[in-house]
Every structure is written in C-alpha cells, then in structure tokens.
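Colleague: So the sequences go chain by chain: A and B. With the first sequence counted from 1, adding 13 to any position gets you my numbering. With the second sequence counted from 1, adding 1155 to any position gets you my numbering.
Just so you know, these hints were derived from the structure itself, not from any lab. Please read all numbers here as calculations on a predicted model, not as lab measurements. Backbone N, C-alpha and C fix where the C-beta goes; we use that ideal spot for every residue, glycine too. Take the hints with a grain of salt, since some may be wrong.
Said to hold, decoys possible - Simulated pairs of lysine to any residue, SDA-like, Cα-Cα distance not exceeding 25 angstroms:
(1) A:Lys1062 with B:Arg1327
(2) A:Lys900 with B:Arg1327
(3) B:Lys1198 with B:Phe1284
(4) A:Lys924 with B:Leu1223
(5) A:Lys1062 with B:Ser1328
(6) A:Lys900 with B:Phe1284
(7) A:Lys924 with B:Pro1300
(8) A:Lys900 with B:Phe1326
(9) A:Lys924 with B:Phe1299
To be verified - A short, non-exhaustive set of chain B residues, derived as facing chain A with CB atoms under 10 angstroms:
(10) Phe1189
(11) Val1192
(12) Thr1233
(13) Leu1240
(14) Phe1271
(15) Arg1306
(16) Val1309
(17) Trp1323
(18) Thr1325
(19) Phe1326
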Amino acid sequence: MSSLNQGEERPEATGCERDDAPAAPARRAYWRSLDDLQDTEDFRAWMHREFPSDADLLAGEDRRQFMKVMGASFALAGLGVAACRRIPESHIVPYSARPAGRVPGNPVYFASACERGGVAKGVLIKSIDGRPIKLEGNPDHATSVGACDSITQSGILEAYDPHRSRSVHRDGEPSDASAFTTWSDQRFGIELRKSGGAGLAILAEATGSPSMDRMRADFVAAFPKATWHEWEPITGDAERAGTELAFGASYRAHPMLDEADVVVCLDADLLSTHPNANRLARDWASTRRLDAADPADQQLSRVYAVEGVLSITGMNADDRMAVRNGDVAAVAASIALGLGVSMNGLEDLAGTATFEGRNAEILAAMIRDLKANPGKSVVTAGGGQPPAVHAMAAAINDALGNTGKTVTYTADSAPSRTASIRSLADSLGAGTVETLVVIGGNPVYDAPADLDFATAMGRAKETVHLSLRANATSAVSTWHLPRTHFLESWGDVRGYDGTISVVQPTIQPMMPLEQKGWSPIELLAQLSGAEPKEGYSIVRATESARSRTTGTTFESHWREILDAGMIADTAWPIATPSLDAGRVAGGVSSLAAARSKVAADDLELVFTTDARVYDGRFANLGWLQELPDAVTKITWDNALLISPSLYKARGLKTGDVVSVKVDGREIEAAVFPVPGMAANTLAIALGWGQGADAGPIAENAGFDAYPVRTTTASWIADGATMSSTGGTYAFAQTQDHGAMDALIPAVPLGGIQERLPTLVRETNLEDYRTHPDFAKHRVHVAHRLSLWEETNLDGAKFRWAMSVDLNTCTGCGSCVTACQAENNIPIVGKDQIARGREMHWIRIDRYFKGDDPSAPEAVFVQPVTCMQCENAPCEQVCPVAATVHDKDGLNVMVYNRCIGTRYCSNNCPYKVRRFNWFDYWRRDPIREQEGLFAVKPEYYTSGGPDEWRRMQMNPEVTVRNRGVMEKCSFCVQRINAAKIEYKNEWAKEGGAAESPDWSIPDGVIQTSCQQACSTGSIVFGDLNDPKSEVSRLQKKQVSYQLLEELNTKTRVRYLAKVSNPGTPRKASHDDHHHADDGGHAAATTLAEEVRS
Amino acid sequence: MSSIRSDQVGGRIVDNTEEVPGTRAPLVLNMDTFGQVTNAVSKVSEAGGAPIAWYIGFAGALGLLGVLGFCVLYLIFTGVGVWGLNTPIAWAYDITNFVFWVGIGHAGTLISAILFLFRQKWRTGINRFAEAMTIFAVMCAGIFPGIHVGRVWVVYWLFPIPNYQDMWPTFRSPL
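Kindly generate the complete structure, drawing on both the sequences and the hints.
Modeller: Here's what the structure looks like:
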C-alpha cells in the first residue's frame, strides 16, 4: 500500500520481460519517464553504462568523410579570415564629465516592455556601461508581475543574435536604407498617393500600440484605398468569437485565480502559454501556499484540467481529465448540464463523447465542486478550443454568478486574424494587390496552409518586408528591411489588462548607420509621409495627445512614465456584458452537429503553442532551444506527441518518423510518447522545422506543423491518419539525466522505489491536515556522523539559504533561462545534450505518480540546483581546493584554481555540477556530430563567439573556459554587490561609531532564478536573520532536505507538495509509523536506529 | 697461498664452484682483462646488428606510440570531451586505462616479489622482464591521471609544490 512497500512486492521486476514498446505497466508508484517506468533496455543502458552512448567519437566514418570534413573546415577557416567580418562600431570616448549618478560598472535599470502577440510584458532592462545584459520583470506591471518567462528573457539574446538581419536587401541583393528611401519616396510618396493607395495592402502583426494605431490612421488617411490586415499564428480568435457568441461583442476574459476556490481549465494552459500566464500563475500560487497557522485549517484551491495534451497547467492540476481536445466541448456541455444550464444543443453536444472510469469520477467531482462554489469558481477555455466552448464557459460562469467576481471582461476589438489573412490571400490571388507591405511576422512560413501564401505573395508586384531576421518571407520579398529590436527603439505597447507602457531603447540599433533600421511605427511614418518620422517623437506625440498635456507638464509626466515603466490608469475599463443564451445555443448546436460526425476512435491532430519558440519567431535563440520542454524534457526539437496506449497499439518506438495526413495534406514527424495524453490525440507544437533562412540554430530543429494547419482547422484537425515511414530520429532529452535515485548501478528497482518518495515528498490535503509533519517521516536518518571534521561556520555573519516551494513551482523553466542569462551559461547544442553534457545550473526533475502510464495520477516537478551543502561532499575530494566554503557558508567554486579532475562531480550526490568539456562559450552549438575527429579545437574552427554575442555576457560573472567545473553560486555576484552597497552605506553613516553592525535587509538580494519566478516558489535569504522569509519557510514542518540521510546539511530545502484532489486518491503517506515514540525526528541517533 | 689447490691451474682459478673458506670465488673465469669481459658482454647485442624483423616491429611500436601522441595532443587541444564522458560519468577511459595499466604493473611486481621471496635462483631473467613490465606499465598508467584533467597545463597543481600563495593540495582527497 505504501509506495515504499510496492517495490518489495515485485521481486520479478528486474527479471520481467522487457520490450521497447510499453510493457504491461509495472506497479511503480513514482517514475521519471516512460523509459524509467518500463525499465527499458535503453534506459538501463543509459543509467548504468560506464561509457555513454557514442562515447567513441573516433568511430564510424571513413577516410573520405574525414578528408571532406577537414577540407571543408580548412576552406571555411580560410574564408573566415579572408572574408570581411563586420565588427561592431565601437567608440572609446571617455566622459569629459561624468553624468550625474553614473558610476562606471554599476548597472543601470530602465523600465521598458516587450510585446508578443499583441500583449506586453513589463520588463526592467539591466544595462551595464551602455550594454543591456539582462531582462527582468517589472514588479509593478500587471502582466509581468515582476516575473520574466524564458521567451521574454531571451529578448537579450535576440538583440545580440549574430544572425539578425542588419542590412536592407532588394531582391536578395544587399542594398541600403537610402536606396529604399528613394524607392519609397517615389512609389509611396508620389505614385500611390496619387492613386489613393489602390492595390496597396498592409499585413501587420498584432499589436496594442497606441502609436501604431495612430500611424495606421495616418496611413489609411494618406492611402484611403489601401487595405489593412493582421496576422498572428497564435490567433486568439476563438476567445473573441466565443465571447461574441455569448455577449454579442468580442471581449477578452480575465480569470482571477486568486479569487477562485475551484478552477476548471477546459484545455486552457493558464500557467504557461496563456498571454497573461505570469499574472495567472502568481494568482494561482497565492491559493496554493501552506501558510495556515494551524495545518488543520489549511485551505487550498482546487484546479481541474480537461485536456488531451499534457500541459503545464495539467501537470499542476489536482485532477486532470485526459480527453481528446475535440471532446473537451462535450465535457463543457456536460458541466453546463450538470449545473442545470438549459440550452438547446447542450445534450446533443454532451452526447458526442462518453466518459468512463476515472474521467467520469472527475467530471462528477467537478460538477459537485462547481455547484458548491458559486461565485468562488471559474471555468476557462483555452485558445485552441472552438468558440462555442468559450461561449459555454461564459454561460457556465454566468450561471454560477462568477462573472464580475472571478472572471471579468474587457472589450477586445481585434479582428479575426484568420479571416483577415484569408481576405488578403484572396485579394492577392485575384491580383488586386500590387504592393504588399508586411510589417513583422513570417506569413510565408506560418500562414494557414490552404491559403498557399507564398504563391499568393508572388502575385504582388512589389513586396516590402520588415523583420528582425531575414526569414522565409524576406526571401520572396522585393525589399527586406532590418527591424530594430525593442531594446533599440522607441515604442509603446499595452499589457493584457490594457495598461500602456513605453518601450525605451537602451542601445543604438546594432547595425551600420547606412542601414538605418526601422521600428514598425517609423516605417509607417516614412511610407505615409507623416511627420515626425523618429520613433521617439512619434511615441511622445501619441502620449502627449492621449494625456492631453504639453510643455513642462508633459515633460514631467513623460519622465514619470519612463521611470515607472507604465502609464497609470490606462487599463481597459471592465465591461459588464450580458449573456445572450440564444446565440450560445446556436453555436453549441452547430458544434454538436460537427462533433457528431467524429467517431470516438478517430485520431485528432492538435496544434499547440510552444512555450519556447512561440509561433516560430524565437527559434534561432539558443537559450530557448536548449531549455528542456517543461512536459517532454526534449531539447532542440519538437515532436509528435502521442499517448502511450497508441504508441503501444501501433508498435512504435520513440523517435520513429511517422507521416500524419489531414485532409490530403501531410507532415512527417518523429513520435514521442507522453504520459497523460488522451488515447487518440496527436499533438505537435507550432513553430519548428524551419529552413536555413531561420538561422543556423533554428535550421532543421524539429518538425514543421504549419503544412497541415488550415484556416478551418487552426487548432484541432479531426480525421488525422498516422502511418509509419520507417525512418527514425534521435531526440536529445534530459529527463533521465542526473537521476539521483540510481546512484549505484546495481541498485534494484525496489531501492529506487524506496528513494523516490524521499526525493519528492507529497501528500494530499486531508493527510496534511492530520499529519502536517508528513515530510519528516519519509526518511530516517540513522546518524549524523561525519567522516571529516565539518567546516566550522560558527560566527558567520550570514547564512545564505534558499527554500523552494514545490506547491507553487509549475516547472515552467523560467528560472533555468534566468540563471543562464545571469551566469553566462553557454549553449552546448543538441549533440552535447544527447551526451548528457547540458550546462544548465538548474534542472527541473519531473516525476509521475500512478501505475497507469496513460493516465498518471499526478505529476511533480522539482527544480534541483546546487544544494550548497554545509557538509559538502565535493569539497572533500577536490585535490586542489578549488571548491571550498566561504565565510558565509557558501559552497563556492574557484574557477581559476580548478584543474578539472571532475572528482567533485563524481562525489556530488545531487549531480548538479557542470563541466566545460569543451570551450562551449566560444564555439557554435552543434546539432549533430559527424565524422572522424569531428570535434575540433575551437581556436582553429572559429574566431570565438561572435562579437555581438560577447556583448551580451554579464561582465560580473566569469566566462568559464574549457576544463573547468561550474555550478550554482547562489548568484554570489549579487550577494557581493549588496554587501558592498550596504557596508558602504553603513560606513558613510559613521560606521562602527554609529551602529554596531551593518546588515542587509531581507529580500534585497534576489537570486536570478527567484526574480524570474512568477509564483514566488524560490525564496532566498539569510538564516541568521530569524525574521527572514527563508528562515520562516525552512522552519516549517513541510520543509525537507534532499538526500538528508547523507548528512550533507543542505542550505537549499524544499517545501513538500500538498495537492487537493477532488476525487479519492491514495494518500502517499507512508506507514513507517514511529509517531508514538517520536523517534522519527530528523536527528534519530544511531543507537535508536539499531534498537528499532 | 702455500699449497697447490685442485681448482687452480698455474695460479689461475679455473673452477669457482668450490667454496674455500676465507677466499672469495672469482665471478668471471677464463678472462684476463676487462676488455675480454666487455667483448663477451657486448657481443650479444652488437654483433651482426638487428634483424629486419626487429626494425619492422620497432616501426610498428613507434607508430602506435605516434597514435598515442597524436590522440593525446588532440585531447589536450580539443578538450576532455572527446573521450565521450558526461556529467554523472565523469571518468571513463581515463580511469579505466589507469586502472588497467596499474593492474599490469601490479602483476609484474607480484611475479618478481614472489620469485624473490621464494629465493628462486633462476628468477633473474624473469625478474628483469617482470620489473621492466612494471616500470613501463606504471609509466603508461601515470599518463592518464595527468591528461584526464580539464586543464592539463596546470596539472602540476596536484603536487605539493611550495608557492607564494600558500596553496596546498587537499591531502584528504584520494586523488
């Protein structure tokens, strides 16, 4: 019954038949991946082999290959020297007078914002000596709430991307800005103006920018016959169409998770890919903390997820129904019926799918909980669901009285992007568009497949394309214009709630002067001949008009908004729309008719929004490519995700390439089984599989899903067929790397099973209320004897420590990217990841619970980084004292002392030390390694990292060279910066004469991971301060150490996870009851252990 | 020296197998001069030069040594990653090779020591062979701890060399 006993009950486990196809699920309570669960040969080989896969780099290719490779590299090396490389313009000009308040080397922060899909996230740009080096969330911004997701942080990398477009191209040939200006003055300034813009069309990206609206108005005024279109692959159309169905006008829904006790997510990934995810995750976390004074009174919200594809929200839900995404509509209808909503068509729709077993239980529980919580619950639908589901969600919320309490609406007048690009393609096809201006985006790659946009675009006589990167669309455009990055140009944007932020540049456009570089508003101003033409003046004029201020009033207002990073009171007013049940019923009926044509065992292909490359625009950013996907842990690729049952039924193996056909269109992709997928759902993330024009990092990464995505099936394509092509593909996946549960190769499964529940300690709410100290019972520490004399840390001024709350960690990976950005962690490439050489200082472990691989009971995530052990095993074995304790008890790594014996890594029980096997910082990441002696010393294969990329490095952190070990330092550079600052302050105020000692207030030092986390799971502070947050958290009964039995005395501790399932779930409370004798406390002595 | 002894002919000792108390038996018989001794010893290796097969064998061995040299240089110039190691498995080829050669070395020492302890008179030839094997095996083994480190150029930090920074190796480390 307890998980501990389960391992012992199955002595046959190690000897049972093994097959790569999922075998009958072994009875294992916790497992890390399907390979682990099935204990496949591959998995055992990975875990237990001394030489990892492809250890022998010299094997394989023949002499001819060797000559080819060497010949090519020498030729390239020659080219590299001969061809002129563009060196960034640099001026070394000393200040004749230092600007006030500017200390060279001290970071300066600018409040700005960046926009994605028309929604802005407020950021703080950290700039050192004129170089922006890191993006952090603006704590006051309603959308970013101080957090910064991985994509937003990668904005820095995007600005310095060596493969960014830095020049104007005409018909693929290099040109310059003045040539374009001459052309546009003639074409737009004279000819088109005369004709009133006949035959002119604009295709823009979604934006909330008020200046863009103004420029658009100017443009339309100048060219009244021109047509304006908008396209975003992540359309957001369904919510607008759904609210229009429900309320008669389109709205944006704002669920308020902090107000809701019961949350039902109908295929809504609120915690990760939702445009407002940071805010939603923070609100969700506020209802998940174990902070009741008396554990018996602890309340937690309950999240139900209904989805076909395991998402981050699904991983963190208390109960999760795995149903096909198409059948989510039937679940919504069943909920509505269960709540007594009466509407035509609901019964038909609910009847299109039947739910049995656990799904039926969860559905019943969901209805029960919603009924019990009117006004304290919220039902949300995801962007991939049809409009009728959004309308039903609105109707259910209305019936429960949630509208206005747990969900509010603001008007959203954006057009249907699918309809907009369709009308453009139609007019292009009809030949009525002669001149097409594409502002941002990459429609040739990401427009719906049925529009055949590339061909349609070819019909326009002249096309102008403004983009950050010369992509597939640029390749077929007459003019390609380099776009300035948001770190380089002025602009304004709106957050999810409508709050306006001003985007301010922190660096000159990183391109030659003669290439200029345009922001969208500057380009529009130039084309429409409006004055002023500079972004700065345009944005100021917009704000001056909006705020109705001028002169000095405006100047002070302007300074204020630049300082704050947003303009107060510009959020959209909350609307109070009234439900039109008749219209909803109409939508429901037509959806029911459509769903009734789909058989229960039909395959559906679901397109998902990728939390790394978004719609494909971020595909060339190494940080994002290398970030393991939160759910699949795949790096450098997407995959066709399928359920373990389908995988088994079709006899597939991980990495088998299959062809998926929908409506006569076809894609090929490699399969990857994911626990918790609905049986007949296939899913593929958008934005991958781009060609060479997407940049060398994006090239051939993953599989392109756009060729089967059409205007009618943008998110769910029913009637898909899948057939094997016989090909195979290798994924680089990190899940089984760094496994702490199998340190000893001979450890039997029973042993692993005994260890897993001690690593991630969890229980459910009822159990927590009666056993609040459950986490302390999971392991018994026999003794506290140390082999060596322990480091004496008495009298330390600070005792830095960290607490990680597993209750609120969603596993999104923002901390991983934040750490990479702050600490100059190199990108290693797919090939190196496959060899287990990822450099991320933080890894996020993922564990499944339950004995059915198709429907895991729960999923747990656990970020693991250096535990900063007080009694550190790594320090004992370093022969050269390169890793030692400092006087604050930090386990520090002395890079210039390290000679790279890797002994510390061998002796680290947490496997969190990372070794620079090569000069990663100076070489380009390699996707696949081929050929004899394919690995070359970097100094003759490349001139080191690109000049641009060097500029991105954080000057406060050493860039590690080859042969050096590294690991989490608790952001020691931030600790020291704060120490210097506070000690200086203290000294200035009189030093010891005035106050006995100096101190750093709690919360001043934030580690980079802590700062990026939207849920506040990571808390850093000083244990010597009894009032600090981290002291409070580490004193909690649910606080525990990883591998406590090794007596490492970790400074990083976890708060055990408590979930709140609505259906009965086995408590994982183990039965090692020592509760009567009290001898289970952490400090059980050896003698006690011997007695028992 | 007054009596005539049966092992002497004309004052020269011709038989050194007989023990005469108080007199050390000569080690070399029938050789008058050092020159004769030198000739006798050197003839074995110098007369007639080496056979062709020796040259072929030597070239082969040298070639293999060259491969070693090339691979070690490749390793040093490129990074220890070429060994195919990864993070949980930070030592593989290096430690395997080290242990392998140390094992060979142990075998040589063992052979030599056993024969010596049992006072086997015929041991000398085998001992030379075994001890040579040990020496070379230890040399081979010694390469690996040296080149397995990430920064070979500072490998001397492993040794307790006095320095002005007062940095000493951690003696507690088994390395």
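Colleague: Next, verify each hint and record whether it holds.
Modeller: Hints, verified against the model:
In summary, the hint linking A:Lys1062 to B:Arg1327 is supported, as the alpha carbons are separated by about 20 angstroms, within the 25 angstroms threshold. Taken as a hint, the A:Lys900 and B:Arg1327 pair is honoured in the structure, with Cα atoms around 21 angstroms apart against an allowance of 25 angstroms. Between B:Lys1198 and B:Phe1284 the CA atoms are separated by roughly 21 angstroms; this keeps the pair inside 25 angstroms, and the hint holds. Pair hint A:Lys924 plus B:Leu1223 does not hold up; C-alpha atoms about 32 angstroms apart against a cutoff of 25 angstroms.
The suggested pairing of A:Lys1062 with B:Ser1328 holds, with an alpha-carbon distance near 20 angstroms, which does not exceed 25 angstroms. As the CA atoms of A:Lys900 and B:Phe1284 are separated by approximately 55 angstroms, the hinted pair breaks the 25 angstroms bound. The hinted pair formed by A:Lys924 and B:Pro1300 meets the criterion: a straight-line CA distance of about 22 angstroms does not exceed 25 angstroms. The straight-line distance between the Cα atoms of A:Lys900 and B:Phe1326 is roughly 21 angstroms, inside the 25 angstroms bound, and the hint therefore holds.
Between the alpha carbons of A:Lys924 and B:Phe1299 the distance comes to roughly 24 angstroms, so the proposed pair stays at or under 25 angstroms and holds. Because the smallest distance between the Cβ of B:Phe1189 and any Cβ of chain A comes to about 51 angstroms, over 10 angstroms, the interface hint for this residue is violated. Checking B:Val1192 against chain A by beta carbon gives a least distance of about 50 angstroms; that is not within 10 angstroms, so the hint is violated. Hint status for B:Thr1233: holds, given a least beta-carbon distance of 5 angstroms to chain A, under 10 angstroms.
The interface hint given for B:Leu1240 holds, since its Cβ lies 7 angstroms from the closest Cβ of chain A, which is under the 10 angstroms cut-off. Here the hint on B:Phe1271 is broken, as its CB sits about 34 angstroms from the closest CB of chain A, past 10 angstroms. Using the Cβ-Cβ criterion of 10 angstroms, the hint placing B:Arg1306 at the interface with chain A is satisfied: the shortest such distance is roughly 4 angstroms. Against a cut-off of 10 angstroms between C-beta atoms, the interface hint on B:Val1309 holds, since the closest Cβ of chain A lies about 5 angstroms away.
With a cut of 10 angstroms, the hint placing B:Trp1323 at the interface with chain A holds, because the nearest CB-to-CB distance is about 8 angstroms. Using the Cβ-Cβ criterion of 10 angstroms, the hint placing B:Thr1325 at the interface with chain A is satisfied: the shortest such distance is roughly 5 angstroms. Given hint, B:Phe1326 at the interface with chain A, holds; its Cβ is 9 angstroms from that chain's nearest Cβ, closer than 10 angstroms.
In summary, the numbered hints that this structure violates are 4, 6, 10, 11, 14.
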